[in-house]
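There are 4 protein chains.
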Amino acid sequence: MLIRLGYDISFETATDVTMVALLNVHPSRTSDLREPDIMRIEPNVQMDQYRDSFDNICSRFVAPAGTIRLFNSTLVQDTGQPDAQNPEARQIPVNDLPTDTLRYLLASRYCEVDLLSSVVYEVFGNVPAGWQRVQAICTWVHDKVTFGYPFARSTRTALDVYTERMGVCRDFQHLAITFCRCLNIPARYASGYLGDIGVPAAPCPMDFSAWFEAYLEDRWWTFDARHNVPRQGRVLMAVGRDAADVAITTSFGSAKLTNFTVISDEVNGSQAVEAF
Amino acid sequence: MLIRLGYDISFETATDVTMVALLNVHPSRTSDLREPDIMRIEPNVQMDQYRDSFDNICSRFVAPAGTIRLFNSTLVQDTGQPDAQNPEARQIPVNDLPTDTLRYLLASRYCEVDLLSSVVYEVFGNVPAGWQRVQAICTWVHDKVTFGYPFARSTRTALDVYTERMGVCRDFQHLAITFCRCLNIPARYASGYLGDIGVPAAPCPMDFSAWFEAYLEDRWWTFDARHNVPRQGRVLMAVGRDAADVAITTSFGSAKLTNFTVISDEVNGSQAVEAF
Amino acid sequence: MLIRLGYDISFETATDVTMVALLNVHPSRTSDLREPDIMRIEPNVQMDQYRDSFDNICSRFVAPAGTIRLFNSTLVQDTGQPDAQNPEARQIPVNDLPTDTLRYLLASRYCEVDLLSSVVYEVFGNVPAGWQRVQAICTWVHDKVTFGYPFARSTRTALDVYTERMGVCRDFQHLAITFCRCLNIPARYASGYLGDIGVPAAPCPMDFSAWFEAYLEDRWWTFDARHNVPRQGRVLMAVGRDAADVAITTSFGSAKLTNFTVISDEVNGSQAVEAF
Amino acid sequence: MLIRLGYDISFETATDVTMVALLNVHPSRTSDLREPDIMRIEPNVQMDQYRDSFDNICSRFVAPAGTIRLFNSTLVQDTGQPDAQNPEARQIPVNDLPTDTLRYLLASRYCEVDLLSSVVYEVFGNVPAGWQRVQAICTWVHDKVTFGYPFARSTRTALDVYTERMGVCRDFQHLAITFCRCLNIPARYASGYLGDIGVPAAPCPMDFSAWFEAYLEDRWWTFDARHNVPRQGRVLMAVGRDAADVAITTSFGSAKLTNFTVISDEVNGSQAVEAF
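First to last, the protein sequences are chains B, H, G and S. Per this note's numbering, residue 9 is the first one in the first sequence, and the count goes up by one each step. Per this note's numbering, residue 9 is the first one in the second sequence, and the count goes up by one each step. Per this note's numbering, residue 9 is the first one in the third sequence, and the count goes up by one each step. Per this note's numbering, residue 9 is the first one in the fourth sequence, and the count goes up by one each step.
Don't read these hints as lab results, they were simulated from the structure. Worth double-checking, as some hints may not be accurate.
Remember, identical chains collapse to one label, so a pair may be satisfied in a single copy or spanning two.
[What the hints assert, rightly or not] Under the rule of at most 25 angstroms between Cα atoms (straight-line distance), these lysine to any residue pairs were calculated in the SDA-like manner:
| id | residue 1 | residue 2 |
| --- | --- | --- |
| 1 | K264 | R173 |
| 2 | K152 | Y129 |
| 3 | K264 | G156 |
| 4 | K152 | E172 |
Note that this is a predicted model, so its numbers are computed, not measured.
Looking at chain B on its own, in the form it has when it is part of the complex:
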């Protein structure tokens, strides 16, 4: 399956503002790209690209006072398979975890592991360890939290989600991630494209999406406490400890979002190559 990916985002700023964008497809998917994946900027300011400590591709540039537009279109090959499932995947004792997974056990800005540890044992203490436990967490969060765009709030933490029981994508994942970490399961936040491929009726305008990954058995597995069903066509952009690490754009100064369009559509062969 080929998926057409793209975004078109504009900001207005009153002064020069440095920005960092995490808008590239993640290096783990580079080999699937069928067109270049190069963020274009109008006006054509200089951009410097680097990898952060999570190996995400980051683009830094100065938005000059006025309007800046970030846009791109690319094409990615996808298996078309839904998220892999492995109910047999075991929880790995902390002592045997790969050392680079250990950072995903710690508390972070939106994931107060320390504050929810007592709670988590009361709620999930009786669920068998491993895949089942992560799945139980996703189902709990999915069932107990109400989704709604008006509930979006950039300061909401996992504890806030636990008490308020409302939120958007990221909030669902933050609570599930925190519960996993409390139970010594490495969990990390993921952002990327998630189209409505295979979904009968897509209820929402297209946006970037958030999900999370949990480390079980011998690898990271995709989970999604918001949708809580395997989905096709996820294309990863960035991973991190929580949304603070992988904001689509971070502005080091005041910037007003004035346009935001994302596309992620399955294409058939004849439409696959778009002129740049």
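Given chain B's structure and the hints, the job is docking chains H, G and S onto it.
Quick look at chains H, G and S alone, frame taken from chain B:
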């Protein structure tokens, strides 16, 4: 100057508990070591050592049910100079910062950059950028927050320090770090040894200490909002975004601290070499 | 001036739900009523009316499963004068305050006096006591906080307003009230009707409004940190320590608001009496 | 049984500071007093006494710069019976509750009813309503929260207790009160004397104590989530929505506590009358 460093720490656990300890001298000081720096464990369990994403030396092991003792003694060469001062050091625009400093601008568990950004401009908006601004932050925090061991609380965030105006070492640094980041100055948490060298009357029992580093001009500089005077004899152990990253020990299970001794003393030549 | 007041509010409930409504004009305005002020309920369930500890008129009833409608229309005589101003009004020492004002110095659900006391002295310490200080608080809150209906959130406290700098009517008042109390000025939350009388362009759909009262010299004075200009035509419904005390309706069970209309219009003589 | 009650409390202040003390025995116990209950102040400043909205006896005075001492000794008759138990006491539907109990269903400074409502149904939803449910709440809080004087913190709310699982008397009661209110059971905070009468080994230095009252069937009943066993010899001083309402002393300015002694001892006849 030679400094004798050491610690002797015990825990009791009811079951096997995996622990990660950040008790080694930081790699940046390895060349100053005059004796080996090897954590000893009783009982003599297997330990595996690795570097985390901040390049800190981490030791992972399983504490068997019962008592576990972590201890060591080593010797380090130190210049004996107080913390370097450079009032001319300039603040670097975000666009020109080394990319590996950018992670220290983001919010973290104990440093809610998003929540204190408005406040910080009201308080420090008129202070000239660069060294002076970081120094003004340290002086403000030092003057406004009351130190007291009974105030220790592992869940206290920078915002809590700002409202409660009390705390221990780490709390002072968390607030100062957050203020720096709000002003686009990279700031990171540091833990290590800080003896009473050069201090007429040491008021406190010896403990590990926390300070912070701010990136100005072309390097990281040591600041300490708790003491707010240049000090001699700091020996760095670990850096991170905040105390969640560099806990001296992290226990993945219940563990009760039963002994905690730290030493950090200047030695004269004849005492310098201690038999292992 | 005669003001036509009215509301039409509907809820849907899945089961019988007890509700308390504070929808009457406050007893202090009873003598100004030119028509009866009796809440009507459809279906016509039994209602019991009482005064709470703030002397507000409260109506308690059971909403049967299904739809319930609360509505009324009444007419009130008003001086048409804008909120009284008295820049000479002095702050009264706590020891000389009437004892029934003292409860309005304490912390309450949305007004964490304890958490903002240090802050308030830093911000308002140099402003002369009395009317000027309350006015300075209103201007600060008005200027620093951004109004927006999408920012509405029932759990937001004064500290949240201070850090997030956004909110609706109630949030502005909660922060201003808390600042006043921190400075030992009794301040209480007020809810009522506030039409657009005398306002050239009314930007908002009509709603009930929130303002606050501060005790200075020898009485309570109306302040409004949201609008921060004297307004005509306020008609008080309820006072309390904060919005938790004077919710328009409190449901002791799940109830979904399905309609909410409020009117508050100046009428000329010929229109003044509306047939019931 | 006769109980000798007394306290001796000193503060130091740098300036004149107005204070309000709630140090009298509650009016509901006035008829049990066998000696006068008059707070004495050194120096002998003027004091004015009033009832607050909860009918507590409050004393207001100005502490002159320097040291102020509040002290008293009185004698009270007590039945010697442990706290009344009534496992048959029913929960009263909100619509049938006496109207003066309704204020004890609302959120207050330390009792965030709104934030814990979802949680409470998950934890106690299956426990039968009435006495059993309040008892289940007390047992849960008693078992899950660890008592310790070093954990005392004046800003800790019920939600904090729920996440931190540690605290002193007041914290236990705040969490239990909040749980009750979430379940539509009126609950109020109580402070008073609680000696070690009938307790084999009293673990703590004597202090004032906090407990709470829940309204069931036709009256207020004493519960104590801290001790969770019926106790003898409670002597009520004040009730309120939470500790913010019934602080032993509230200082409207800076005051340093320098002495704090409380006594509450059973006396036999010959010792009963103490010379004033």
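Hint check:
1. K264 <-> R173: between (29 angstroms within a copy, 16 angstroms between copies)
2. K152 <-> Y129: both (17 angstroms within a copy, 12 angstroms between copies)
3. K264 <-> G156: both (22 angstroms within a copy, 15 angstroms between copies)
4. K152 <-> E172: both (10 angstroms within a copy, 22 angstroms between copies)
Of the numbered hints stated above, none is contradicted by the structure.
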